[in-house]
Amino acid sequence: MVDRFEFSVEPEEADQRLDVFLISRLGALQQTGELDSAPTRSALQKLMDGGCVKVSGENRKKNYRTKPGDLVTAELPALRELEALPQDIPINVVYEDRSLIVVDKQKGMVVHPAPGNPDGTLVNALLYHCGGELSGINGVIRPGIVHRIDKDTSGLLVAAKTDHAHRGLAEQFFCHSIKRSYIALIRGHLMEPAGTIDSPIGRDSGNRKRFISGVIGGKRAVTHYRVLEEFPGYSLLELRLETGRTHQIRVHLSGLGHPLAGDELYGGERGELGLRGQCLHAATLGFQHPESGEYMEFRSPLPEDFEDALKRLSRGLVK
Numbered sequence: 001m002v003d004r005f006e007f008s009v010e011p012e013e014a015d016q017r018l019d020v021f022l023i024s025r026l027g028a029l030q031q032t033g034e035l036d037s038a039p040t041r042s043a044l045q046k047l048m049d050g051g052c053v054k055v056s057g058e059n060r061k062k063n064y065r066t067k068p069g070d071l072v073t074a075e076l077p078a079l080r081e082l083e084a085l086p087q088d089i090p091i092n093v094v095y096e097d098r099s100l101i102v103v104d105k106q107k108g109m110v111v112h113p114a115p116g117n118p119d120g121t122l123v124n125a126l127l128y129h130c131g132g133e134l135s136g137i138n139g140v141i142r143p144g145i146v147h148r149i150d151k152d153t154s155g156l157l158v159a160a161k162t163d164h165a166h167r168g169l170a171e172q173f174f175c176h177s178i179k180r181s182y183i184a185l186i187r188g189h190l191m192e193p194a195g196t197i198d199s200p201i202g203r204d205s206g207n208r209k210r211f212i213s214g215v216i217g218g219k220r221a222v223t224h225y226r227v228l229e230e231f232p233g234y235s236l237l238e239l240r241l242e243t244g245r246t247h248q249i250r251v252h253l254s255g256l257g258h259p260l261a262g263d264e265l266y267g268g269e270r271g272e273l274g275l276r277g278q279c280l281h282a283a284t285l286g287f288q289h290p291e292s293g294e295y296m297e298f299r300s301p302l303p304e305d306f307e308d309a310l311k312r313l314s315r316g317l318v319k
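Last residue of the sequence shown? That's 319 in our numbering, and every number before it is there in order.
The hints are simulated quantities; they were obtained by calculation from the structure and are not laboratory data. All residues carry an ideal CB built from backbone N, CA and C; glycine is no exception. There are no misleading hints in this set.
Have a look at the derived ranges for each label pair, beta carbon to beta carbon:
hint: 1; residue 1: Val20; residue 2: Leu317; range: 52 to 62 Å
hint: 2; residue 1: Glu192; residue 2: Glu10; range: 46 to 56 Å
hint: 3; residue 1: Gly69; residue 2: Gly27; range: 17 to 27 Å
Could you build the full structure based on these sequences and the hints that come with them?
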């Protein structure tokens, strides 16, 4: 089922980006109670790419500039009944208030239910911990989820309790104003002590689980890196994401010929250095609180298997 909405562009609304116009109009409907949950800009753009938004009967891109009298129609998927169930799963809560919650996700935990992982996820844990009070913008299977990190990536993640907080956080991610830094252990040594990887990412046609960099027509992806320390055969990096594509750090480093230690999917070895999955940790997360506007920043220590791998390298216990 879908909900259909029609809006006529008023003269004072002319020359706006189409996605901005729709976010404003749908947000107003939510304020009046006519819409349960307005989508984020990124979610709306995906609907637009799928032909769910038309201007006077024609498909338009997100950056189309509105004109007075344009008739904008949007078909939004109707909210479904809750599919993810609360589960009493321990989580490490770093910060929490009535609008949002910051958790330090352990390695091995999937963020939200999906085929093959129907429960035992962070979403299930959050639904229990927060008493079901999570935003509904991303649908019933991903309530509260503003961004994700991979199953075997540990570290910081923020989830929204209210739709207002969700939209505010999502807008910061969209504008790349969120501060996100990662610590990674890679194979080999990079040519430069610091630099930027600016290479588009697309899905690998030969393996749907993988992505590759340098793809013509792929999504723009930018990763900044700095070498922290070098060991025989390995390097410790700090990385800052400018964009947030699926597997971005893993794909970019693999594309340089320096996969993450333990990252079997992208060229590392299973169980390498005693690691459980890729050696990648979301160490820093900073953002403006969507309610107060206060800048907040959180840091997470390295997980045990990461620390153990560094100790083995520093002591020369790896040949």
